[in-house]
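Chains A and B supply the protein sequences, listed in that same order. Using this note's numbering, the letters of the first sequence map in sequence onto residues 1 to 350. Using this note's numbering, the letters of the second sequence map in sequence onto residues 1001 to 1350.
What the hints contain is simulated information worked out from the structure, not anything from laboratory work. A couple of the hints might just be wrong.
Chain A is nowhere near these chain B residues, computed Cβ spacing over 10 Å in every case [claimed, not checked]:
1) E1031
2) F1111
3) E1174
4) G1264
5) N1323
Just so you have them, the derived chain A footprint on chain B, three or more residues with Cβ under 8 Å [what the hints assert, rightly or not]:
6) 1138 to 1146
7) 1199 to 1209
8) 1238 to 1245
9) 1271 to 1278
10) 1281 to 1291
For glycine and all other residues, C-beta sits at the position ideal for the given N, C-alpha and C.
Protein chains: 2
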Amino acid sequence: MDHDRIVILAHEKFPDRAKTALGVMRYGDQEVAAVIDRDKAGTRVHDHTTTVDDAPIVDSYAAAAETVDGDVDALLIGIAPIGGGFDESWRPDVRNALADGNDVVSGLHYFLEDDEEFATLAAEHGADLFDVRNPHEGLTVAEGRSAEVDADVVLTVGTDCSVGKMTTTMEIVEAARDRGIDAAVVPTGQTGIMVEGWGNPVDRVVSDFTAGAVEEMILEKGDEHDLLVVEGQGSIVHPAYSAVTCGILHGAMADALVLCHEAGRERIHGYESFPLQDVDEYVDLYENLASTVHPSEVVAGALNTKDAADDADAAAALDRFENELGAEATDPIRFGADPIVDAIEAEVLE
Amino acid sequence: MDHDRIVILAHEKFPDRAKTALGVMRYGDQEVAAVIDRDKAGTRVHDHTTTVDDAPIVDSYAAAAETVDGDVDALLIGIAPIGGGFDESWRPDVRNALADGNDVVSGLHYFLEDDEEFATLAAEHGADLFDVRNPHEGLTVAEGRSAEVDADVVLTVGTDCSVGKMTTTMEIVEAARDRGIDAAVVPTGQTGIMVEGWGNPVDRVVSDFTAGAVEEMILEKGDEHDLLVVEGQGSIVHPAYSAVTCGILHGAMADALVLCHEAGRERIHGYESFPLQDVDEYVDLYENLASTVHPSEVVAGALNTKDAADDADAAAALDRFENELGAEATDPIRFGADPIVDAIEAEVLE
Chain A
1 MDHDRIVILA HEKFPDRAKT ALGVMRYGDQ EVAAVIDRDK AGTRVHDHTT
51 TVDDAPIVDS YAAAAETVDG DVDALLIGIA PIGGGFDESW RPDVRNALAD
101 GNDVVSGLHY FLEDDEEFAT LAAEHGADLF DVRNPHEGLT VAEGRSAEVD
151 ADVVLTVGTD CSVGKMTTTM EIVEAARDRG IDAAVVPTGQ TGIMVEGWGN
201 PVDRVVSDFT AGAVEEMILE KGDEHDLLVV EGQGSIVHPA YSAVTCGILH
251 GAMADALVLC HEAGRERIHG YESFPLQDVD EYVDLYENLA STVHPSEVVA
301 GALNTKDAAD DADAAAALDR FENELGAEAT DPIRFGADPI VDAIEAEVLE
Chain B
1001 MDHDRIVILA HEKFPDRAKT ALGVMRYGDQ EVAAVIDRDK AGTRVHDHTT
1051 TVDDAPIVDS YAAAAETVDG DVDALLIGIA PIGGGFDESW RPDVRNALAD
1101 GNDVVSGLHY FLEDDEEFAT LAAEHGADLF DVRNPHEGLT VAEGRSAEVD
1151 ADVVLTVGTD CSVGKMTTTM EIVEAARDRG IDAAVVPTGQ TGIMVEGWGN
1201 PVDRVVSDFT AGAVEEMILE KGDEHDLLVV EGQGSIVHPA YSAVTCGILH
1251 GAMADALVLC HEAGRERIHG YESFPLQDVD EYVDLYENLA STVHPSEVVA
1301 GALNTKDAAD DADAAAALDR FENELGAEAT DPIRFGADPI VDAIEAEVLE
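Working from the sequences, and respecting the hints, build out all of it.
Structure below.
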């Protein structure tokens, strides 16, 4: 999965409810030639957000094909309805992309390769369907070997879902590379996989293979880089998703952890009867559990301060978070990831 | 899946390497009419073990059909080769059972219902193929609701795999029922599912649904009984299987935990470079992690003393384990499960 120039489908959701689209636009190497959103057709990306490169917004793949100069490689589905189904209103866009010989990349639970029309069109036109949420066949149980690789391994862990683990992972790797560190992302979720062009969707594998799916990636990349940053998922105290979190924690055998939190979050998102734990309790839980398999410490924190009124408010929230954490922290978006990379350099890299 | 009288296939492995066969013979309600083992044909079960009811051992399903008086309902595959594949030398046994209209129950990773010959034979003869390791389609993420049921919930947890969690679960429920407590097993693995005739194979579900697969069972049975004992899997410090353990821990929202250990075990089985933790460390890990979702304490322990020289040695090992655990413990096979049920009655049941 390696595309140079793509069109991103984000009907009716760009930009605020198009997390995958924004993630790929912010962190992917792919050039985004156009965004498809029938509600915002005729405007441009920069009319809505300046955190990513500009591009025209059009109402359909057909319109994108007319608007865009030169070829594109792929159509990427950059949104997900609740439940992960395929919205039939997108069918003409996918159909037309395949008819042009372009690949289609999707993170939906509904696998495009199981759709008869799409499979036939893809075969006819030499296009590939990439269902990034469909784990490959060869996965198996972990052997406890991730610590054998040459690279040092850092894992982002969280106080909850959707607190910024993927973003923090990407920002750490970018900041490390800016210092000349040979760093790479180990992606575990759909957006990370789309950005990086490879990876195992760890939340969709057979439960017994959760740690194994992470170990496979670390063994594959761990001798090619000096630093691997594994994208964490969920939270170790999450009533539904802690299994995935725990499997990643033990599968990664990380040398260091970075704890991600959202300022002001007090209850588990979507599970409001469950309060978050105190920050120092998360540190103990993650360190104690990780260290039964491989010694690991929380060396830094990432605080998502998107709801802070201004930088001063954000800095105050960061101060409180650092005190609770007992380590340096930053908002990698607002203030940059350097304090995290400083900690990784000091505590992990030789 | 409800069978009165079965034949169990255990070629070349009965009894010591036929864990599933022995589990079903020990705890299942089904009458076992014969065991199939070509290496031991002509002997009887009681020639090899007296821990279960006696039955003839024959060399094939065809021989069983000739030997056994009256009808049987099902052939149960009571062994698993490494990797969980289907051994082609068993094909005539399965074929003949289906041709007789008997169901076939299997916990192999190779699903019999995907085998064209078996699927055709089953359809022709009105027989059912039960692949107990194949999760049903409707599973989804947990909602954090297990604590809502009327029943109190106890979960067996372990210091490692294969320390006796399934056995302990069964023995607790039997001992509780002997006292008139309306108790039921919540099975999570293949043997437990075969014994009980229902259940979700939690180690084979999509990783995101691990807790949900447990919650579904608890919500289904939790208002019909006063005590549910959930069969635990793996260990929270296992390099490969901790994800499943963690998902069960949070999905069950248990009121109490029973810690299972094997006397003398010092290293993780099959992962010998990983030492076990101290017993009190397991107590802290399980209690701290469980209690982030639902308050829970280790109220008793189960020690597998099968390798002890005699009862005095076993009792000495039990004393040491109780001291480390800080709670009452027993070997439920050697000394009975009453001390565990005492603790459950004192600490959990009103």
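Results for each hint:
1. E1031: 32 Å, holds
2. F1111: Correct as stated: the minimum Cβ-Cβ distance to chain A is 13 Å, above 10 Å.
3. E1174: Holds, since 28 Å exceeds 10 Å.
4. G1264: With a cut-off of 10 Å, G1264/B remains clear of chain A, as the shortest Cβ separation is near 20 Å.
5. N1323: 22 Å, holds
6. 1138 to 1146: holds (count 4)
7. 1199 to 1209: Our answer is that it holds, as 8 residues pass the Cβ test (under 8 Å) against chain A, meeting three.
8. 1238 to 1245: holds (count 8)
9. 1271 to 1278: holds (count 4)
10. 1281 to 1291: This one holds; 5 residues, not fewer than the three required, reach chain A with a Cβ under 8 Å.
No hint from the list above goes unmet by this structure.
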